[in-house]
Amino acid sequence: MSTESNPWATASDDTGAAESTASNPWGGASTPSSDATSLSASGTPVEQTDFSLLHPFQEVWVPLDSWIETGVNWVVTHFRPFFTAVKAPVDATLTAIDSTFNAAPPLLVIVLFGLIAWQLSGRRLAIGSVAGLITLGAIGAWQESMTTLALVITSVLFCILLGIPTGIAMARSDRTAKVIRPVLDIMQTTPAFVYLVPIVMLFGIGNVPGVIVTIIFAVAPVIRLTNLGIRQVPSDLIEAANSFGADKKQMLFKVQLPLAMPTIMAGVNQTLMLGLSMVVIASMISVGGLGLMVLRGIGRLDIGLATIGGIGIVILAVILDRMTQSLGQDARQRGTRHWYETGPIGLLLAFKK
Amino acid sequence: MVTKLEVKNLYKIFGEHPKKALKMLEQGINKDEIFKKTGQTVGVKNASLAIEEGEIFVVMGLSGSGKSTLVRLLNRLIEPTQGQVLIDGHDITKVDDKALRDVRRSKISMVFQSFALMPHMNVLDNTAFGLELSGVDVQERHEKARDALAQVGLESHANSYPDELSGGMQQRVGLARALTNNPDILLMDEAFSALDPLIRTEMQDELVRLQSEHQRTVVFISHDLDEAMRIGDRIAIMQGGEVVQVGTPDDILHNPANDYVRSFFKGVDVSNVFCAKDIASKSSLTLIKKDSSEGLISGLKLLNENERDYGYVIDKSKRFLGVVSASSLHDVIKNKQTLAEAIIDEVQPIAADTSIGDIISIVAHSPCAVPVIDDQQKYVGVISKARLLETLDREATV
Ligand SMILES: Nc1ncnc2c1ncn2[C@@H]1O[C@H](COP(=O)(O)OP(=O)(O)OP(=O)(O)O)[C@@H](O)[C@H]1O
Ligand SMILES: [Mg+2]
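From first to last, the protein sequence lines are chains P and U.
The first sequence lines up with residues 1 to 353 when you count with the UniProt record's numbering.
The second sequence lines up with residues 1 to 398 when you count with the UniProt record's numbering.
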């Protein structure tokens, strides 16, 4: 708790301190440091109070920075229970998944992944996944990969948990959609770095805030595509279901969701990819895993370390992308009637007979 | 006959301000004007219908005349603006959502022009869809669905998916799905319009056959007169949201209410639709009664007075006896013979139910208008060349 409350305690001390603590890990990174310089540049000439039309913005008109600081301080002190309540489920899930992955023997994880890939897609992806995971272990990135995997899976899990119901709510009511859409726009257009600032202020640093920042960054596609998928269900099918007396729940679960599933899965796939891309950025708030390898490598000009982290992320990305893409297709598109007729389960069932 | 489904003064106005449009309708302002002034579309205007139990009731009209709107008002897929829809005497426009769902689940099913089958379900599950919504367990609903599929001859495709079937087969599934619920009322919105002509007639026969096995009340939307005549017990014709005429196919064909209704015959081959008795005219011909006391001379006088060359002879009970000409009468009088000998055999009567197509050559080659008799030899009227031409012309000019 004390390390987590640290950032905002220092933040309240002087202007731009939050930036400086956040910028510590990367030191020489370009964007935030130029931010910091412009901040101090606008901060120093406060004494020269002569207003000139030639340089109208030498003086800060609106002291937004100090307002925000007071605001955040107020929020942090008054809503502490809220933020701990938000963190708790994320923390619990992350811990469970992370410790499972890290405690499990690598061989078991590899075999399990191979089987899942085989079931979801086919033999080719299964072989690819096994080879990819073995490579991860061979280049010495196993531990980090498992941490990253746990982080990504946790965030995607929460994205699905939050995103699909939100998407459904948007599809059901135009007014809800009108309110949520601009929020999603902001979430998607805001550069990833900028997320870090408020999150660090509100939640501190570490893996859990990392997952939270990833959720916020990556949740938009699954919401959008759930909404789109449900709205795209042909109106004559909705009418037909209505004409046979479907109630709202039946409409959702028997017609809308099944028909929207490929679109929703495309959203999950995009969310997953965004989540992975956030891994490197999130490492700046001391999130572990492959991202941290890359960040450290760059920071110390250790090309080898950075490359290993980078390769690890690419391998994970390809495996996860392929797996979720095949989730979007139903079994019939792959030439069989039911999903359980192929893969290891199909084989098992065939043996039983 | 019991009235199954009754529509009373039903209105549907699409748009934000239906009240405004209703008021304008009351003032007698027409649909186009209302749309121009208020942007409200009149879908259905003051429709009243009484549909009897067990009949196939066809609703016809041009595109945009409000047929789909009317049929969706019957199961309240579209909320009416004003008026009543009574199923078995209960007004469904007043019931709450749950009661409405119950009506839809048990009493009234619909078949769609676009088939509207669920692509993610196989044929069996699609067919059982209505029962699934009612909460019937898998075993029972699959059993009933198989029965329904057997009725439309598709039991062997139970495990196929809709996209693996042809259009005709898909619509059979659509029909089976509607039948599985065992509804009293079947609504069919241009159910066969998307099918090619051959499959279409096949499906029409299928519907008529199903109807002979189990009498349901069918409301069938169509814009095709041939289809309407083939399957309809009664036909309602809609124009601009209004029901302009309701009647049996014969009624409507012979006494069209207005030019719009008449225009439906444009594409219909009148020579197959009408028969001899439909166009035979009774008036304007001289009849000679065989046992009138004056007999031959008065007959001849009658012909001369009316400047006719031929006369039609019938007896007291209106039985047709034959045709005489002015000259044959003249000869008979001169030779002091009887009327029977004056009858000429160049002109033979035609039966009342001969189709127009078959009488064209008879009328063309006859020296006079051709008499028409019914199956009891009774005189019905005559068909002159002019009358026949007028009839044939009707299909071209209307
Ligand atoms: N949802 C709607 N909103 C506004 N206007 C509508 C709506 N549905 C139908 N209309 C209008 O109501 C009128 C009747 O339409 P309807 O679909 O009932 O015609 P139809 O007789 O079924 O035509 P078709 O033979 O082309 O199917 C049309 O003028 C149409 O523009
Ligand atoms: Mg229509």
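Quick caveat, the hints were computed from the structure, so don't treat them as lab data.
Even for Gly, the Cβ is constructed at its ideal location relative to N, Cα and C.
Some clues are possibly wrong.
Claimed, not checked - Straight line, CA to CA, 25 angstroms or less: simulated DSS-like cross-link-like pairs of lysine-lysine:
#: 1; chain 1: P; residue 1: K249; chain 2: P; residue 2: K178
#: 2; chain 1: U; residue 1: K8; chain 2: U; residue 2: K144
#: 3; chain 1: U; residue 1: K37; chain 2: U; residue 2: K20
#: 4; chain 1: U; residue 1: K277; chain 2: U; residue 2: K301
#: 5; chain 1: U; residue 1: K144; chain 2: P; residue 2: K254
#: 6; chain 1: U; residue 1: K37; chain 2: U; residue 2: K23
#: 7; chain 1: U; residue 1: K301; chain 2: U; residue 2: K336
#: 8; chain 1: U; residue 1: K316; chain 2: U; residue 2: K378
#: 9; chain 1: U; residue 1: K94; chain 2: P; residue 2: K249
#: 10; chain 1: U; residue 1: K19; chain 2: U; residue 2: K94
#: 11; chain 1: P; residue 1: K254; chain 2: U; residue 2: K19
#: 12; chain 1: U; residue 1: K316; chain 2: U; residue 2: K336
#: 13; chain 1: P; residue 1: K249; chain 2: U; residue 2: K98
#: 14; chain 1: P; residue 1: K248; chain 2: U; residue 2: K336
#: 15; chain 1: U; residue 1: K19; chain 2: U; residue 2: K37
#: 16; chain 1: U; residue 1: K23; chain 2: U; residue 2: K36
#: 17; chain 1: P; residue 1: K248; chain 2: U; residue 2: K94
#: 18; chain 1: U; residue 1: K316; chain 2: U; residue 2: K301
To be verified - Residues from chain U that face chain P, not an exhaustive set, calculated with beta carbons under 8 angstroms:
#: 19; residue: L25
#: 20; residue: R101
#: 21; residue: R105
#: 22; residue: M110
#: 23; residue: F112
#: 24; residue: S114
#: 25; residue: H120
#: 26; residue: F129
As the list claims (entries may be wrong) - According to the in silico footprint, chain U covers these stretches of chain P (three or more CB under 8 angstroms from chain U):
#: 27; segment: 235–245
#: 28; segment: 264–277
Kindly indicate which numbered hints from before are broken by the structure, ordering the numbers from low to high.
2, 4, 11, 14, 19, 28
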